[in-house]
Amino acid sequence: ILLSDYLSYLKSIRGLSKNTIKEYQYDLNLLIRFMIVRKFYHGDEKKFDDNFNEESINELVSPSFFQDLTLQDFYSYLSFLDNEKNDLASTRSRKISAIKSFYKYLYSEIEVIDSNISEKLTNPKISQRQPIYLTLNETEKLLEIINKEKNEFLRSRDLAIIFTFLTTGMRLSELVSINITDIVSDHFNIIGKGNKERTIYLTANCLRLIDNYIVVRSKYLKKNDVYALFISTRKKRISNRAVQSTIDKYLSKAGFDTSIYSTHKLRHTAATLMYKYGNVDIRALKDILGHTNISTTQIYTHLDDDDLKNAVRKNPLSNIDI
Numbered sequence: 049i050l051l052s053d054y055l056s057y058l059k060s061i062r063g064l065s066k067n068t069i070k071e072y073q074y075d076l077n078l079l080i081r082f083m084i085v086r087k088f089y090h091g092d093e094k095k096f097d098d099n100f101n102e103e104s105i106n107e108l109v110s111p112s113f114f115q116d117l118t119l120q121d122f123y124s125y126l127s128f129l130d131n132e133k134n135d136l137a138s139t140r141s142r143k144i145s146a147i148k149s150f151y152k153y154l155y156s157e158i159e160v161i162d163s164n165i166s167e168k169l170t171n172p173k174i175s176q177r178q179p180i181y182l183t184l185n186e187t188e189k190l191l192e193i194i195n196k197e198k199n200e201f202l203r204s205r206d207l208a209i210i211f212t213f214l215t216t217g218m219r220l221s222e223l224v225s226i227n228i229t230d231i232v233s234d235h236f237n238i239i240g241k242g243n244k245e246r247t248i249y250l251t252a253n254c255l256r257l258i259d260n261y262i263v264v265r266s267k268y269l270k271k272n273d274v275y276a277l278f279i280s281t282r283k284k285r286i287s288n289r290a291v292q293s294t295i296d297k298y299l300s301k302a303g304f305d306t307s308i309y310s311t312h313k314l315r316h317t318a319a320t321l322m323y324k325y326g327n328v329d330i331r332a333l334k335d336i337l338g339h340t341n342i343s344t345t346q347i348y349t350h351l352d353d354d355d356l357k358n359a360v361r362k363n364p365l366s367n368i369d370i
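In case it helps, the working numbering puts the sequence shown at residues 49 to 370.
Keep in mind that the hints were calculated from the coordinates and are not lab data. Be careful, since some hints might not be right.
Using 27 angstroms as the maximum straight-line C-alpha spacing, the simulated BS3-like pairs for lysine-lysine come out as follows [what the hints assert, rightly or not]:
{"no.": "1", "residue 1": "K198", "residue 2": "K70"}
{"no.": "2", "residue 1": "K66", "residue 2": "K87"}
{"no.": "3", "residue 1": "K283", "residue 2": "K196"}
{"no.": "4", "residue 1": "K270", "residue 2": "K148"}
{"no.": "5", "residue 1": "K59", "residue 2": "K362"}
{"no.": "6", "residue 1": "K301", "residue 2": "K189"}
{"no.": "7", "residue 1": "K70", "residue 2": "K173"}
{"no.": "8", "residue 1": "K284", "residue 2": "K313"}
{"no.": "9", "residue 1": "K87", "residue 2": "K133"}
{"no.": "10", "residue 1": "K168", "residue 2": "K148"}
{"no.": "11", "residue 1": "K66", "residue 2": "K196"}
{"no.": "12", "residue 1": "K152", "residue 2": "K59"}
{"no.": "13", "residue 1": "K362", "residue 2": "K313"}
{"no.": "14", "residue 1": "K168", "residue 2": "K198"}
{"no.": "15", "residue 1": "K362", "residue 2": "K244"}
{"no.": "16", "residue 1": "K70", "residue 2": "K148"}
{"no.": "17", "residue 1": "K66", "residue 2": "K284"}
{"no.": "18", "residue 1": "K198", "residue 2": "K271"}
{"no.": "19", "residue 1": "K198", "residue 2": "K270"}
{"no.": "20", "residue 1": "K59", "residue 2": "K148"}
{"no.": "21", "residue 1": "K313", "residue 2": "K244"}
{"no.": "22", "residue 1": "K173", "residue 2": "K198"}
Distance windows between CB atoms, simulated [claimed, not checked]:
{"no.": "23", "residue 1": "S156", "residue 2": "K244", "range": "21 to 29 angstroms"}
{"no.": "24", "residue 1": "D234", "residue 2": "S112", "range": "18 to 26 angstroms"}
{"no.": "25", "residue 1": "R256", "residue 2": "K198", "range": "14 to 22 angstroms"}
{"no.": "26", "residue 1": "D234", "residue 2": "S110", "range": "54 to 62 angstroms"}
{"no.": "27", "residue 1": "V263", "residue 2": "N164", "range": "51 to 59 angstroms"}
{"no.": "28", "residue 1": "E132", "residue 2": "A276", "range": "41 to 49 angstroms"}
{"no.": "29", "residue 1": "L108", "residue 2": "S138", "range": "24 to 32 angstroms"}
{"no.": "30", "residue 1": "E200", "residue 2": "Y275", "range": "18 to 26 angstroms"}
{"no.": "31", "residue 1": "L108", "residue 2": "K271", "range": "30 to 38 angstroms"}
{"no.": "32", "residue 1": "I368", "residue 2": "N131", "range": "45 to 53 angstroms"}
{"no.": "33", "residue 1": "N131", "residue 2": "I239", "range": "34 to 42 angstroms"}
Here a beta-carbon is modelled for each residue, glycine too, at the ideal position from N, C-alpha and C.
Sequences and hints are given; from them, build the entire structure.
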């Protein structure tokens, strides 16, 4: 009951996305299972499986259950994640965040425990890796490959999709959710990660490619009864997987290793091109990419629309001839 109430709180009060809530649910269920085995079955997971049922779990997992967990219990759990689950440091850090959020809820929000032991948990050190991205020349090569697609619908759609990625740095989930009616003048508003709305500005080149695609799309659809901007060959909203498969196809044709380069790397590419060639302020980049913390972009300062427009227009792809 505590966990289901907490998940409802994340949805209704904090407004987190379904995917984020699913991650929290998985992480906390794993934590609870580990602690029950550790505390009541002396580490014998088989006994836990033999005695497992929802009713008995609900009886065990009370406020006092969480109150009585110690730092030693938690660090044993983190060792289990490292040694048995082979979780990366970044994954373990995420699971610590889930624990801290849950304990804060128990302690500060509903006040069912007397202290918050999770505040003392230390995150594992995460090695900083340079983001993988396409250079400007590699990006132009990728666009040339797409331009050779013989099918007019696929060519116009895929150019619009990939150019939008490369000039806006938006997320895959954000791109597939765009509707035709979302486009207003030189931008569209999207609901991004954490259900936060933000404005995505489009370059003249990007707008031209989208407009061209819309013309081809209207001939392809015949009936204008699909709201999605980007559609599949089945004339429905294109899926995340279809976009990933399409991008992998062109990356492969362009000679890029798809085990290294991917759809998400186009987001890194957009950010790098804007920052490297456009001298874009890191604060503007933070707003453009929709970051909510300082992990990638260190300083948060809200910028007005003109700053964001100018930052996007500095992307070097704005000036190439398509």
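Going through the hints against the structure:
Distance restraint check for K198 and K70: the Cα-Cα separation of roughly 41 angstroms exceeds the 27 angstroms cut-off, and the hinted pair is therefore not satisfied. Taking the CA atoms of K66 and K87, the gap is near 31 angstroms; set against the 27 angstroms cutoff, the hint is violated. For the hint pairing K283 with K196, the CA-to-CA distance comes to about 22 angstroms; that is within 27 angstroms, so the pair holds. Annotation: proposed proximity of K270 to K148 is violated, straight-line Cα distance about 52 angstroms (limit 27 angstroms).
At roughly 37 angstroms between alpha-carbon atoms, K59 and K362 are farther apart than 27 angstroms, so this suggested pair is violated. Distance restraint check for K301 and K189: the Cα-Cα separation of roughly 10 angstroms lies within the 27 angstroms cut-off, and the hinted pair is therefore satisfied. Simply put, K70 and K173 have alpha-carbon atoms about 25 angstroms apart, close enough for the 27 angstroms limit, and the pair holds. Our distance criterion of 27 angstroms between C-alpha atoms is met by K284 and K313, whose separation comes to about 26 angstroms.
At most 27 angstroms may separate the alpha-carbon atoms for a hinted pair to count; K87 and K133 meet this at roughly 20 angstroms. As the CA atoms of K168 and K148 are separated by approximately 9 angstroms, the hinted pair is consistent with the 27 angstroms bound. A threshold of 27 angstroms between alpha carbons decides the hint, and for K66 with K196 the separation of about 38 angstroms lies outside it, so the pair is violated. Taking the CA atoms of K152 and K59, the gap is near 16 angstroms; set against the 27 angstroms cutoff, the hint holds.
Annotation: proposed proximity of K362 to K313 holds, straight-line Cα distance about 19 angstroms (limit 27 angstroms). In summary, the hint linking K168 to K198 is not supported, as the alpha carbons are separated by about 59 angstroms, beyond the 27 angstroms threshold. Between the alpha carbons of K362 and K244 the distance comes to roughly 25 angstroms, so the proposed pair stays at or under 27 angstroms and holds. A C-alpha spacing of about 16 angstroms is found between K70 and K148, which places the hinted pair at or below 27 angstroms, so the restraint holds.
Our distance criterion of 27 angstroms between C-alpha atoms is met by K66 and K284, whose separation comes to about 22 angstroms. Only pairs whose Cα atoms come within 27 angstroms are accepted, and K198 paired with K271 is accepted, the gap being roughly 24 angstroms. Straight-line distance between C-alpha atoms of K198 and K270 comes to about 21 angstroms, which keeps the hinted pair within the 27 angstroms bound. At roughly 17 angstroms between alpha-carbon atoms, K59 and K148 fall within 27 angstroms of each other, so this suggested pair holds.
Distance restraint check for K313 and K244: the Cα-Cα separation of roughly 22 angstroms lies within the 27 angstroms cut-off, and the hinted pair is therefore satisfied. Between K173 and K198 the alpha-carbon distance is near 49 angstroms, which puts this suggested pair outside the 27 angstroms criterion. For S156 and K244, the hinted distance range of 21 to 29 angstroms is satisfied, since their beta carbons lie about 23 angstroms from each other. The beta-carbon spacing between D234 and S112, approximately 57 angstroms, falls outside the hinted interval of 18 to 26 angstroms.
About 21 angstroms separates the C-beta atoms of R256 and K198, a value consistent with the hinted range of 14 to 22 angstroms. With their beta carbons about 55 angstroms apart, D234 and S110 fall inside the hinted range of 54 to 62 angstroms. Under the hint 51 to 59 angstroms, the C-beta atoms of V263 and N164, about 58 angstroms apart, fit the expected range. Between E132 and A276 the Cβ separation comes to about 42 angstroms, which falls inside the hinted range of 41 to 49 angstroms.
With their beta carbons about 31 angstroms apart, L108 and S138 fall inside the hinted range of 24 to 32 angstroms. Checked against the hint of 18 to 26 angstroms, the C-beta distance between E200 and Y275 comes to roughly 22 angstroms, which is consistent with it. Judged by the Cβ atoms, the range 30 to 38 angstroms given for L108 and K271 is violated: they are separated by roughly 56 angstroms. Hint check: I368 to N131, Cβ distance near 50 angstroms, so the stated range 45 to 53 angstroms holds.
A C-beta distance of roughly 39 angstroms is found between N131 and I239, which places it inside the suggested range of 34 to 42 angstroms.
Hints 1, 2, 4, 5, 11, 14, 22, 24, 31, counting from the list given before, are not met by this structure.
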